[in-house]
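Student: The residues making up each chain are set out below.
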Amino acid sequence: MAQYFGTAVEDIFNTMEERFLPEGTVDVDVTIGYNISGEGGGHWKVTIKEGTLKTEDMDGEVTDCTAVLNANAETFVGVTLGKIDAGEAFSSGSIKVDGDLTVLIAVLPKAFRPFKPVVKASSIVESVEERFRPEKAEGVDIKIGYDLSGDGGGQWTVVVKDQTCALKDVLDDDCTVVMRMEAQVFVDLNQGKLDGATAFTSGQVKIDGDIGAAGKSSSLFEKYVAEGAVEEQGEELISLKCVPSINQRYATGPLMGTWFNGLKEKKFYAAKCPECGRTLVPPREICAQCRVRCNELVEVGPDAMVTLIDVVYYASPDPLTGKIRETPYTALFMVLDGASRDESFAHDLNPRDIDRIKPGMKVRPVWSEKRTGSYKDLLYFEIAD
Amino acid sequence: MGKRNRNVGIIGIGQTEYSSHKEHQNQVEMVNEGVRYALEDANITLDDIDCVLHGNMELFEMVHQPDMWHSLGSGAYGKDQLRITTGGTTGASLVCAADNLVASGMYDVVMAIGMEKLQEGHTTGGITNMADPLWFRHLQTGALTATTATMMMEEFGEERAKRAAMKYRIMMDKHACLNPRAHRRFGLEYDQTDDLMNTSPQLVGELRLIHMCSQSDGACVMIFASEEKAKEMCKNPVWIRDHITVHREETFNNFGIEMPEMTHHYAARKLFERNGIKNPVEYFDVFEMYDPSAWWGLDWAREFLLLKDDEHIKLLEDGEFDLDGKLPINPSGGVTASNPIGATAMLRPAEAAMQIRGDAGPQQIKKEVRHALASGFGGTLWSVLMMLEKDLDWQEV
Amino acid sequence: MEISYENTKNCKVMTGKMALPNQYFAGRVGSKFIIALRDENKILGVRCEKCDKVFVPPREYCEKCLSKLDESWVELSNEGVVMNYTVVNYNDKHLPRRAPYILALIKVDGADTPFPHIVEGIDVGDVKVGMKVKAVFAGETTNTIRDLDHFEPV
Amino acid sequence: MKRVAVCAVAQHKCDSNIWHKRFQGMLLDVLEDIQEQTGMHFSEKGGVRSIVSSSDDVFDARTISDNAVTDVLGAHYREEEKMAQEGLNGIGYAMSIILSGHDDVVYVAGHCKESQGESRNMCTNLSYDPFYGRAIGLDYTNVAALQARAYMEKSGLTEEQMAKVVVRARQWAAKNPYANATEQVELGDVMYSPMLCDPIRTMHAYPVSDGAVAFLLASEEKAHEYTDNPVWLTGFGSCMDSYFLGDRDLASNFALKNAAGRAYRMAGVKDAKKEINLVEVMDCYAYQQPMWIEGLGFCGDGEGAKFIDEEGPEKYNVNLSGGMLSGNPIMTGGLYRAAEAVIQLKGEAGAHQASDVSRAVAQSTTGGAGQFHTVVVLEK
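Protein chains in written order, with the numbering used here: chain A, 1 to 385; chain B, 386 to 782; chain C, 783 to 936; chain D, 937 to 1316.
Hint data in this document are derived by calculation from the structure and do not stem from the laboratory.
Please note that a few of the clues may not be correct.
[Claimed, not checked] Cross-link-like lysine-lysine pairs, in silico, DSS-like; alpha carbons within 27 Å at most:
#1 A:Lys264 - C:Lys794
#2 A:Lys266 - C:Lys910
#3 C:Lys791 - D:Lys949
#4 B:Lys388 - D:Lys949
#5 D:Lys1209 - D:Lys949
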């Protein structure tokens, strides 16, 4: 099985079940397809629905999902392990997404615990020559034996002499010290998940021979760092998540106050500049161009002509709730009837009109049934035929 | 404007690397890294600094009066200190302010610090918080819009416009790949143009993920000195000739049937007029532009360089904005590569000054750079434009 | 419609809030300090040889002489002296305790600079400058200086 | 050296809850006031091109707070820079715009609405670092209390002297049409007002305030176009102290002494006591009036308390505006100080006009417990 950063593509899908977080997906109903190209790749379909997970290994190209992710195996593993920056992979096109990109950004982090590569005892032992620190081995002449039982186990001898280090995959008879334990215990010890003294005193590790040599041997090697798990193995860096929050009382003043009252009556009030006649929607206290106070409000609209259209495919999550608007949605720039020609007003379009909307079209506002004089009174605009 | 009281030279530049991961540093330590590099570059110590200028965007890190805390690393202890912030333009505003403060005679040596640690905040939330809470905040999500892309496709045809924007983007990436401090370095090739312009995920309309700027952490620090001090302290000071700032009202109400003159165009028109610059493309040897997206970068080249019709697209297509072209744009890789917001607009004059000094590193332009243009952008289409010179030989107009 | 700015009939106050999510990093130096509080119940400082001072909280570089300090760690005592104090008598969301409580500047033995912290285990009226206090560590971590929960009289 | 003139000032009346105006409306009021006084305009030919604003993103709850007010600053298609500290620093920066030759007229305006947020202490808590300061709940009130104790220890400042400062502030405030807290109080009212943060009592602390201030500055050559009665800005200086409270000597006035020294040097003032006859200090808490006075050099080290008893405040015309204790918002505290100094020097202070004032000093502070200070010298 092809491995990238010490991990096979399959490992990621095979561990989905155990990494799944049902509580994070209560309101979710999505299917995500994965087409992973290259050696070790394949096709998978993941269905997340109301706190349940189904992972299917597919025969061919996956299509017709909420979102389909296409990438080569190396990129996919790299991004999963955090070895490759996800944003960069998207930007540079080495990951492509069909369908709703926001699903991947919004759903996946809540649905799964991060993937951690499976570390094998053999990879730890086999990296011993790379991790050897000759400067610490002056005058050292020992043979350390490893006898690891259970899944992933085996027998090895590490020979340290003349400031060199050699690995043999047999257990020599004349070892200075032999350490015997379950392969998993060995992995946990090397990953700092298990304290050496505890393991020894509880009998999980048995040491034959020179116990002192066993103690000293640890300083002869750099700490083992699993591929793809650099950060976890590195020093702990403290971070603090918080949401500083201060309640506010925003004054409307007489102009915006009247604007909100106007919404209740389905009316738009613009401030009119007494010098240039420009209309400001929503109203402002001053005409920025003429630097004169606006003392008059005039009614404009409610219909408008569309000047520019922005179709938004990527909605940023609301920073407070994490909720994301349904995409795509359409933001309109328009000139309200009776407003000055250089003055645009922006609002949303009824999603139903998204395929038909064109610049130059007439649109009309759609109001909330119950209007209280707030921004919620105006729902969106729709094509007026 | 009026006659300069005295000339001001750039004598030191310090930049951290730009990245989205600086977990190993707190804000103070990141600022301090930039300060140490700038002092080292200028070959001076904190004792030589009279006044420190600080700027970032408070709500990105959500720190009130951050210069108070950052004084632990900014070198401001015991010194005069001012804090000027103007959103995205902050870094450029700090350079303008440093120029004014030194030229005034109030201070001889001023150190300006632009910083942002976007990883510590919520960039989109911070930008959305810029909108009026009474009306527009509920409609806005971040700073994404495709209005420029739409208008360019209308004017130049969809295919040509999309291809040009992507060529601009790949050019920026090629420049960024040379810059060891740049945050995003993809290694894009021009033969990926078709693929990227059609398959990079769409954010808004034809504004795709690949077109958009990064979110970075980093600090940029510059040291400025009066003519007399600069000549005494530094072998090759870079001189600030003039600068202009143009802000506009809060509302994005400029997409009506008639469009107003863009602030970028207004800034360039006024600045070049009062400095007697007839043909900016010929006059300047490098342009470091605040280009938040490839679409904006290409479109704004037309505004800042006072070009007509499709001249800017032709210059791009003919390779004249490349490193060996007539007017290289953003040898640093620009904002699509690195964007620590409070520092971003300072990177522009900093990188332009390094080009003039001739020590910009791998992204150094081959031909001699004597005249540089740098821009800042922020707010609701705010613009800062400044001119840097190798020699003190310009004529006051 | 004529608008009178003196007439407040149409003026309103809309409620809202400013709230943005943040993630702050303590950095290498800060992490070492907080981890020592949290895991070993030890207070660490850094020494600046040039300024001849032991600072706490620690910092990477000296703000005055720019000496690098993050390799000159000093383990400090968990006991110290109240150098200054106030009794906080108001309540607010950002405060760590309900009023009244004692906020003090405490100089732990071995340090040259005191730092602000909470003093408990004494009537708020009885706190005095010069009082000897000792650190009480928190059972649960917040990954801040409050892993040292408070000081109390010796 | 060239001189910079203050042609006009405008102050919005302070109040603890200006609920019926947006801060934009408050700024428009002071803009119109300045235009009325001076005929200032912004037209392409000969109009104002440079604007310096002052506001704060956290107090305004707005990212890029100056973006919200560009139009009411007259800054549409003009140069504008935001001083993101207390606004007196903006006066210093505006001076540099004129002295550098970059421009010869600058409009300066600042605003702050403390009433908008639920708690100003929550705002200032955000100025502390997340791990050591915020976690302990530091804010500008409780760190001021630590400084108050240190200064009381050093100078012997008593409850009665602090009460005297507050009583006097209210007396002068009653004569100032722009002041917020004008209700008259007796010594006992202050001395037995509830403890806010020992030793700071509720009446020692400035009231929550909303306000806006504007200035028109011009070069000596241009000033006559706007006024016949200019006041000259002759000195500016600022200074930063350490951030960590424990790194500082809280009672030392380190930053203020340096800031004042620089401003006096620029203005050619050798002995403040002899050459300055009006003082406006940003006394957010009662103990700060004697302490800042001391830092400005009007009495010896540790003699601020004695200064109060010896009627120093009357002798040197200290805070005839009523000062911060009668209510100005924190981000414009120094701007209100300088505005008062200007109208006093112009002889336009009305009921609270001092006689024979020729040179004034205005001071402001940013940060907790006076971490940073700014000093401006103004002359007739």
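Student: State for each hint whether it applies.
Tutor: Structure-based check of each hint:
no.: 1; hint: A:Lys264 - C:Lys794; verdict: 14 Å, holds
no.: 2; hint: A:Lys266 - C:Lys910; verdict: 66 Å, violated
no.: 3; hint: C:Lys791 - D:Lys949; verdict: 21 Å, holds
no.: 4; hint: B:Lys388 - D:Lys949; verdict: 39 Å, violated
no.: 5; hint: D:Lys1209 - D:Lys949; verdict: 31 Å, violated
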